[in-house]
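As you go down the protein sequences, you meet chains V and W in turn. Here my numbering runs 704 ahead of the position in the first sequence, where the first position is 1. Here my numbering runs 1219 ahead of the position in the second sequence, where the first position is 1.
These aren't lab readings, by the way, just hints derived from the structure by calculation. All residues carry an ideal CB built from backbone N, CA and C; glycine is no exception. All the pointers check out, no bait thrown in.
Here are the in silico distance ranges between beta carbons for each label pair: (1) W:T1241 with V:R1397: 48 to 54 Å; (2) W:T1241 with V:R1215: 42 to 48 Å; (3) W:D1345 with V:V783: 56 to 62 Å; (4) W:R1369 with V:P837: 55 to 61 Å; (5) V:G770 with W:L1285: 16 to 22 Å.
To spell it out: a stretch of chain W is covered by chain V in this simulated footprint if at least three of its residues, at any positions, have a beta carbon under 8 Å from a beta carbon of chain V; those stretches are: (6) 1265-1275; (7) 1290-1303; (8) 1320-1333.
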Amino acid sequence: MSATAKAGQVGRSLPRLEGRAKVTGRADYIHNLRLPGMLHGKIFRSVVAHGRIRRVDVEAARQVPGVYAVFVSDDIRRVIANPYYGPAFHDQPILAEGKVRHIGEPVAVVLAEDPHVAEEAARLIVAEYDELPAVTGEVEAMTSNVIVHDVLKPAGTFPDLKHLEGRKGTNLALDFHLRRGDVKPAFATADHVFEHTFRTQPVMHTPLEPFVSAAEPCDGTLTIYTASQSPSFVRIEIARLLSWPENRVRVKTAFLGGGFGAKLYIKLEALVAALALLTHRPVKISLAMDEQFFTITKHPSTFRIKSAVTKDGRITARECEVWWNGGAYADIGPRVTQKSGFTAAGPYDIDNVAIDSYALYTNRPPAGALRGFGIPQLVWAYESHTDMIARALDIDPVEFRRRNLLRDGRPQATGTVMQDAATGKVLDRLVERIGWGRPFDRGQGTIKRGRGVAVGFKASIAPTTSGAIFNIYADGSCALYCSTVDMGQGSDTAMAQIAAEVLDVPAESVRVVHPDTDVTPYDMATLGSRSTYHMGNAVKRAAEDARAKIEALKAELGLPPGSNIPLPELFRRKYGMQAGNIVGIGSFVPSYASPDHDTGLTPNATPFWMVGGAGAEVEVDTETGHVRIMRLINVADLGTPINPRIVETQLSGGAIMQLGFTMQECMEFADGQLLNPSLADYKIPGMRDLPARIENEAVAAVQQSGPFGAKGVGETATFGVSPAIANAIDDAVGVRLRELPLTPEAVYRALVKGGR
Amino acid sequence: MSATRHIRFTLNGRPAAAEIGTHETLVDVLRDRFALFGARESCGQGLCGCCTVVVDGRAVSGCLFLAAAADGARVDTIEGLAPGERLDPVQEAFIECGAFQCGFCTPGFVLMTKQLLDENPEPSEDEIKHYLSGNLCRCGAYPEIIEAVRVASRKRKSGG
Ligand code: FES
Ligand code: FES
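Required output: the full structure, derived from the provided sequences and hints.
Take a look at the structure:
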């Protein structure tokens, strides 16, 4: 399918098409949306982590001048009979019913024309709860007597969740198991066995445009304007909740002020839809920054990993047990658990693998997808573990990786044979760039230096579908209709380049129509670095279809094949005037085979592999525990870049985000309360937190099945950052950290306890 | 919260007036009365710089700055930076360097960069980081932003 780019549109570092709109402040975000007669909603939230709602008193709020209405869950039921939503489980109520299951859960909502009035009034709502014991830890949730949901309610969309229907007395929302070979004899006969446990902390996406959705009712239809990465899903889910056909729900997005996996599935959309139907007026809800922390987070995790290793450094067996803290509502957590489960054993060629991956409900804010879909949590553990083994066996950590690396042509843990996964090249380029094996300044006195590397990989989300329409107008200008959401990753530009390459026109001349479910065709969602590959292939096919139709029209008009008659002239000859369209359509569904329920094995786990590695050089102050990152190197296999410049910014941006999750970010809970839901106390990386040097490289690679050899890149640079830094800290001062973030305090405490 | 007052000010070089609530911020008023969306609220706490507005030549956090305090002032927003077809050199540099992804933080960074270069036409990397440390970019476009500041500095020097 891969055709090399000849027209010069693909492979070009074209500046983003929307650059001008963004630097002039005129780019369109849902954040800016104003609708005539619009009401603003303010959510009143739970202050307990788990409790029965005894009473919600909204009277005082109703009395505030300017308040239009105050609603609780009973009101929602007047327009939505069964107000529970979610992509994997229908477990999340639009407003809490009977019980609250996490801090910050929406309980009531105030509507007013003036958002300040709504906010003031929401403060006057009083709720009383009978507090219940809460379960907060993922490992604890496996065996706890505290049960978050009385009955499990799988959505029915995923066949592998069906068996959980109606299950009671459990917090387990999915268990994924993989068995390859037999680990038991391998461990029994191993020269060495290593076992370690690693943890990751709760963190949040923190898009700078906070969640925002609006709904506008019209005669029997509803239009939802939402900062969403998944407009097609929103339409299907809202239609389901309302028992309406899809064609009565229209979902529109604009540019997103960041997404990172936060703005997926249903967040505020079901609430604004219900409110619009209750009031017959447009309703908009814009969250404040602090409310985002209660809406969606990244899964905290615990990962126990155990390896059998021969004395010459070959890994013969690996056992992985991963617990994912999914919070009070499943969101997409079960998918994170399963998909990341495929690769929990790392990019190594291991004959005997056992993986158990568990999605758990707890009384924490819900966790979902965050740039990597669980992979950064896993790589953190397995690449720390890899270094620990190498050091214990006194083998160079790079050499140890080379001996065990999983390469093309070899089966991965699921049994799927690796293809177009440049693991070797990524490691080689990292090693070359960092100058591994060459002497370097190890620091002196209280300042010690060290280096570390890490390589991770990921299976793409499958099976998923993308569709695209390429429309040529009568003057020869053209537009691309696709539901991929440009949240900063540059998809508008990349898709225009792909279409332009096929039609041999400048990419700048392709107008990209933003997602609008009445106009743009279905797309599963903008997530998991899937768009370049899936939508890219669909766009390529749509453009090819348009090109074929141009040729067919020429033939119909008796023009010789290959005639270079200008398009406007072609239309005039056909229609007698400037009229008509040529519409190309394309869709793409890669092949995929579900893993066997018992063994987790499948011959076709993913349409493509993403490979990302990081190298870090750090300086540790042994008196304070402070770590300075002197150099951060990101190397990735993303196939052949559509737009090298944008690809580089994706690598660099992804790595900087992961640097925040590695060094500083952590949602701090105490006594059931979240202590730091604000940028004042939850510090995301700023200018001052940058590594002294940051370098990015895409290795020369081709994804045969990708559009012009390309595949996804949005998440790749997040994989290796955390373990590369922890490995470098160990290299510098001989202490091993097993829990993120790597704060000066954590480093200092480890130093006090003593290094190797 | 019903107290209102009338304010007059200069907005991007033109006289402007508005009836405002005394609790309203400058971002509220620019957005709701003047349909200017370039200064936008994100953290609402003066910590991210997304709401940057220039008042009497000084960059302020529009999310904390009460609109009442703009009475009589000269207010400049990102929309006033390049009213015509031609972009400001800082804006050009941001596009050329790919110094943004989602673009939500970009107006704030562009305005701060312009202020920086007005004060210090050839800042060092450390001075750039220091001056822009109050602006956050979750997409992590910082390396490209630093590059854009340098490019803008060169462009301004060469008059283009
Ligand atoms: S919104 Fe004003 S500084 Fe963040
Ligand atoms: S470009 Fe997205 S926050 Fe800066």
